[in-house]
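**Student:** The primary structure of each chain is shown beneath.
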Amino acid sequence: MGKLRYLPPGTAPATLILPPEYQHVRPSKSLLEYDAHSFQEHRVETIDDLFPYLESEKISWINIDGLGDIEFFQQLALHFRIHPLALEDILNLGQRPKVEEYDCQLFIVLHMAHERKQQEMKFEQVSIVLTEKIVITVQERSGDVLNPVRQRLRDGVGNARFMRADYLAYALIDAVIDQYFPLIDSLGETLDNFQRSLLDQPTRERINEIHEFRRNIARIHRDVGLQRDVLGQLMRDESGLVAERTKLYFRDCYDNTVVMLDHLESFRDSTRNMMELYLTSTSIRTNEMVRVLTILASVFLPLTFIAGIYGMNFDPMRGRLNMPELEWPFGYLFAICLVLSVTIGILAFFKRKKWL
Amino acid sequence: MGKLRYLPPGTAPATLILPPEYQHVRPSKSLLEYDAHSFQEHRVETIDDLFPYLESEKISWINIDGLGDIEFFQQLALHFRIHPLALEDILNLGQRPKVEEYDCQLFIVLHMAHERKQQEMKFEQVSIVLTEKIVITVQERSGDVLNPVRQRLRDGVGNARFMRADYLAYALIDAVIDQYFPLIDSLGETLDNFQRSLLDQPTRERINEIHEFRRNIARIHRDVGLQRDVLGQLMRDESGLVAERTKLYFRDCYDNTVVMLDHLESFRDSTRNMMELYLTSTSIRTNEMVRVLTILASVFLPLTFIAGIYGMNFDPMRGRLNMPELEWPFGYLFAICLVLSVTIGILAFFKRKKWL
Amino acid sequence: MGKLRYLPPGTAPATLILPPEYQHVRPSKSLLEYDAHSFQEHRVETIDDLFPYLESEKISWINIDGLGDIEFFQQLALHFRIHPLALEDILNLGQRPKVEEYDCQLFIVLHMAHERKQQEMKFEQVSIVLTEKIVITVQERSGDVLNPVRQRLRDGVGNARFMRADYLAYALIDAVIDQYFPLIDSLGETLDNFQRSLLDQPTRERINEIHEFRRNIARIHRDVGLQRDVLGQLMRDESGLVAERTKLYFRDCYDNTVVMLDHLESFRDSTRNMMELYLTSTSIRTNEMVRVLTILASVFLPLTFIAGIYGMNFDPMRGRLNMPELEWPFGYLFAICLVLSVTIGILAFFKRKKWL
Amino acid sequence: MGKLRYLPPGTAPATLILPPEYQHVRPSKSLLEYDAHSFQEHRVETIDDLFPYLESEKISWINIDGLGDIEFFQQLALHFRIHPLALEDILNLGQRPKVEEYDCQLFIVLHMAHERKQQEMKFEQVSIVLTEKIVITVQERSGDVLNPVRQRLRDGVGNARFMRADYLAYALIDAVIDQYFPLIDSLGETLDNFQRSLLDQPTRERINEIHEFRRNIARIHRDVGLQRDVLGQLMRDESGLVAERTKLYFRDCYDNTVVMLDHLESFRDSTRNMMELYLTSTSIRTNEMVRVLTILASVFLPLTFIAGIYGMNFDPMRGRLNMPELEWPFGYLFAICLVLSVTIGILAFFKRKKWL
Amino acid sequence: MGKLRYLPPGTAPATLILPPEYQHVRPSKSLLEYDAHSFQEHRVETIDDLFPYLESEKISWINIDGLGDIEFFQQLALHFRIHPLALEDILNLGQRPKVEEYDCQLFIVLHMAHERKQQEMKFEQVSIVLTEKIVITVQERSGDVLNPVRQRLRDGVGNARFMRADYLAYALIDAVIDQYFPLIDSLGETLDNFQRSLLDQPTRERINEIHEFRRNIARIHRDVGLQRDVLGQLMRDESGLVAERTKLYFRDCYDNTVVMLDHLESFRDSTRNMMELYLTSTSIRTNEMVRVLTILASVFLPLTFIAGIYGMNFDPMRGRLNMPELEWPFGYLFAICLVLSVTIGILAFFKRKKWL
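So the sequences go chain by chain: F, V, B, P and X. Its first residue numbered 1, the first sequence is counted upward by one per residue in our numbering. Its first residue numbered 357, the second sequence is counted upward by one per residue in our numbering. Its first residue numbered 713, the third sequence is counted upward by one per residue in our numbering. Its first residue numbered 1069, the fourth sequence is counted upward by one per residue in our numbering. Its first residue numbered 1425, the fifth sequence is counted upward by one per residue in our numbering.
What the hints contain is simulated information worked out from the structure, not anything from laboratory work. The beta-carbon is built from N, C-alpha and C at its ideal position, and this holds for glycine as well. Honestly, I wouldn't trust all of these hints.
[To be verified] Covered, in the sense of this in silico footprint (three residues per stretch, anywhere, with C-beta under 8 Å from a C-beta of chain V), are these stretches of chain B: (1) 857–863; (2) 889–899; (3) 994–1003.
[Claimed, not checked] Not close to chain F: a few residues of chain V, all C-beta gaps over 12 Å, as computed: (4) Ala-370; (5) Thr-402; (6) Asp-425; (7) Gln-431; (8) Thr-487; (9) Asp-534; (10) Gly-588; (11) Thr-642; (12) Thr-650; (13) Asn-678; (14) Trp-711.
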């Protein structure tokens, strides 16, 4: 789980407060306009830069990277009738993936996955506002996840430019969700490597690493699961903003999340297996050591006793039964034979018990 | 779980009995009246003090802190048509969070969280009666959780004064529920610290502490979960007392409880991991001790046996094979070399087994 | 679970067979008649004693304590049109709590809890037949659980006498279910005491006691859970026998069962924790013993070896290297110093490992 | 689970192949005809023997014991319009309990339990075809489970002969399901005995026996659970073949299966408890042995060391500090006192640790 | 789980990319045409080869084995109006079993099981497009799973040729699903063998083998479970493409998957039992070794001490109490008797503890 983000209890709803680390990230804004025949891209500074373009019948995509300009967002909300609660969710990061219906608008929150290096993952909130002709996307920072969609629009590849705003929203959501594929793939590889090395080095830190895996898997599972629910809602959307034929595409994307979840669940089973393996290997090691200890003690305790017997200082002079062995010419040989036969007997016992 | 509170079996329903510790807490009562243009605050002593104000078209909020005046509550119930069962629930603490529909009224019970110090938490019951124009709140004791709402009304901040009684109820519920955010946050921090110190000091008391954490998490999870259900019911309310646009605010609050539950579930996983870690660390410690014991015994048992052999009292005089070593000029050196080579052999064996 | 009670396979349905221990318990029967203005109580012997009273518009409650008169029950069923299957359930004990709708009748089975002493609980079946104007209750034996209701009717306390037969049924069910409160309360107390004593005396019998607790909790949980379902069905009753305003009372009673279930679930968690605690304390004890053993062996094995060395019988006369220590004037001191320094070294090693 | 029975992949649906062990069991067929006033029983050889009787308004029950006459079944299916898939299910054993609706027919599969001896159970498939006036039952072999129903019809006991074919089907299903009562009862008894003997003889075979119990319980639970679902479907039947008043009887039978499931679940808990008990008893035994070992080693290692000290051969002649004890007149007594005081000290230490 | 297959994030939907290992597998295509009276089989090379045949009223089955001809698939999609997303799913392997409704078409994905040898399983994707008169099947490679259906059509066996395209689709799906029967059967046998050998050789590799079983069972359970859902959807199909009487056949096939799932679940229980057995057997072995060690140490530690006592060098000359035993004529016998009596005492103690 990321950090729990919350405003002080009792704060009025729809209060806009930015986490400090985002306050100085000036948003970069752009506007894309297209229809089947044309495509235009504009850099935008203020809210007024937008108006000349929005009158036409074209589909518009307003993309905002960065949150550090509350006033801009307030104007945006005013002009595009974004509900104060939706605006709050855009700026107050830490929302879970969800889709909410407002009057003539769908408000969608997704999590975008970045894998920096092995095991360290970063997630970012992406907010999407879908109206009839306009799609507004807000990212925490500039990123390249949505670039392929922009490029496909620019190139007019496939049917991208022939379809409506809902299809654009689909393409953006699909791009965000596909991002989890390489993440899960590399997680699976790391798990495999880890499992292979587990038996060789079952150190105590391993436990923490397994727990770390579990936490990561749970984290991703939760995100993907919620995003599956978002897609499920869009697939069955009744607001009228999603056309029937676009729903087929959402269903396709939904299928991808289900495949992801299947893999994550098998990862979960793997970590459970690893934990078992780890615990067993500890208990087997103890077992083996106790075995060695038992065998050694079984052999040497009797031997030492025999040696002790003949180390006693009874005086053979005092009586004929007083350690006559000490006086025998082959007493030492006798003692050694005794020792050897006891040893052999004990080892035979262990052999029969299959402990040797 | 708190104490199980119940009246003697067979008591008539809607019987009003106060727990003894509340009988002498005289309630302090206040009335707030407002509309878009005005705001008034009155201190109230008896039920009759209320009537001059309630005729107007304004929204009224009657707040009662303390339960120790059953007669007042009976008059209140009479005048505001509060159902006897709802009144019983207000006074008979130990209700679970819930919302119940009565004729033209919603009766809502919530739990309010106070964190006193580390690990010690107190919960208090808040009852809310929502009618078309009036909101009645009853708390166990005077507290400051609802103050921010009062302050926002006083200041006319945001749209608080423009909206209806249902929005007031929302603002109060939101204030109560937001209280869980800092609680959960500090619980998470305590858990982190605990986990870090667990490996260093895996004493037996740790188990009890982990169980204590579990109990607290279960307790809060249950409360928040029930409160999420309350909000879910209010979001889908069909009594007509909650306006459509207020439902959007309840949905926002519902989202907060879901985020809380997510965090609590990850805490739950953490305590499970801790338990595992604890148990493993015990078994690893045993394993390590057995390892030391085995190595030591393996080295010294054979050595002691060798020393025992040459401590035997066979008389070399009696025969040429009777411990001739004792008579050798370098017998002692021979014995020491024997000891050293046995030691080296055993250590090499353990080295190969990776036990050293 | 109680004993599994069943009739021989292949028995015709609705066959009336009494368990032998109930055959000789002659039922004691009484009739209560009341309306808002009057209240009458009659002792009844035969079915004919009932008829003079049932014609009026008053509400009647027929209470039967004991089952040992099959003929009486058959006449009762005939006159009040009780379905043969319902009659079978009344007499064939071992039914689970349930509510069944028959033509113009509700047939309700509940379990009544008696706590005799610590840990020993007895449950009894109560059957309730609710028609428009008549309530029939059948208990296994005479008991005082329903007495408070009788008393309230007699005294005309509250609104008891103003309401219909469905409210009487509610009052009876409420009295039965409230009986679980003290039971659960005392179970919780016993659990607390047990947990406190667990660490002091972790004997083997403790396991059986924990299992016994679990069984009891499961038993009560199951009963209360089924009774919650019964109340849920009555709350949503569509037979027309339960008035809307009575349903509010059933909802209140339903709430009580939910609170009970919450407590029982937290008891369940407690037993799980206890089990863990128990198992851990065993493994910690083993760990501690192994620690003592390892330290002792580590100290004394080397020492004994050193003593053994100087007990060897090599003859210092035979060569200058043959145990010259034995001839030294301070040889003994040297050996003692050797012993002390080895001891100190080993203890230092354990100190550093934090095993001391 | 029984053997997995299946036809070779790619076989056409509704192919009739009999398991070899059933091919030579010639079915014995009988026809019962009855109405309120009459009852007739006929032995039947060929399909033509049936026709004279089926024209009347009476209820007919055709019972077939044994499967080894595919041709007969094909004619039966043809004349009574049994669907090829239903016919396949009758002959291809290994179906799960289920009810299927075909045109004007209900096709019901049940499992019949036989308990041969302790722990060894046999299950048999019973197929029932219910049409408006005719009930056809097919059993694997002749058996006496359905006899009581036949006898009740013959005797005209109860209302058996007054009701329709659906009631006959009920009576048959009830007879089959009641058969599980003694099975579960004896399983419970076996479990109790087992549990009592577990602590005395915790041998390794016990684990296998617990697993065997689990498997049996799971097996019966699954069968009864599926049969509960069958009854649930019949209770809510909408094909028109089951009359409303018969549904009350199915509800009664459904209740029985629920009671059975309750018992089976408590058995399941018992086996879980037993497993825990078993594992704990192993770990407690190890613990106890380690305790004895530790105490013994703690006592004798120091003693042996002391004895070893005074067995050293330092020559008291060489210096005044060279083992002067050996020359003391009470040296031996001194050594013995040393030994005793060390022993007492160590035992006191263990006493304080509560290990003694 | 198989490999996670995915296209680079941001790829346009419905992009056709073949995994490299499939690019050079030229598909072999065939067309079957039949009605009640005729049956024809054609080998097909290009899309144009198909058209002469499709005009008639006959049912057509187009079977394509191999994917390495994207252009052909694109033409196919164009002519038979296969949706781009369905086409993508046909070629982009790694889809889960599912059924999707497109305009006038059902698109079904199944997994086909091949068991190569013990424990190694291969799964292949089969895509089926069902329209009113045409069924198109696409397999990864040529295989013989669908051959029996082809043969039944060729031979006109049963009612195969009398029914519509939906029945053909059923027959194909049934053939694919029946393939899991022998797979599950042999898995069950392998499990039985494994379990039998587990107690004899509880080596560490066993854990990995159990996990491998679990993974396989989970894999098959998931496939069969999803295929059950596919059949459930077809059973309740509302697109009009599946006739009522065909639905009965799908129900029959659905029943088969449920039986499979029952078996797989009992396998799952078996692996859980095995794991328990394995862990227990390790802990029992340790227990037994500790027992042997304890007994041995208990016997020999005291004996060695006694021998050590009489090995002390106190000089009996110095005082009458200085080891007088050494001077006794029967001192040695006395010592031996002492040793024997101690041994007997200790063994008696263990006997009483039931450790011997």
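**Student:** Could you run down the list of hints and mark each one as holding or not?
**Tutor:** Results for each hint:
1. 857–863: This one holds; 4 residues, not fewer than the three required, reach chain V with a Cβ under 8 Å.
2. 889–899: holds (count 6)
3. 994–1003: holds (count 6)
4. Ala-370: holds, 34 Å
5. Thr-402: holds, 30 Å
6. Asp-425: Label holds. Min Cβ-Cβ 28 Å, cutoff 12 Å.
7. Gln-431: holds, 31 Å
8. Thr-487: Non-interface label stands for V/Thr-487: nearest chain F Cβ at 22 Å, farther than 12 Å.
9. Asp-534: V/Asp-534 is in fact no farther than 12 Å from some Cβ atom of chain F, at 4 Å.
10. Gly-588: Nearest chain F Cβ is 14 Å from V/Gly-588, so the label holds.
11. Thr-642: violated, 7 Å
12. Thr-650: Violated, because the least Cβ-Cβ distance between V/Thr-650 and chain F comes to about 4 Å, which does not exceed 12 Å.
13. Asn-678: violated, 5 Å
14. Trp-711: violated, 7 Å
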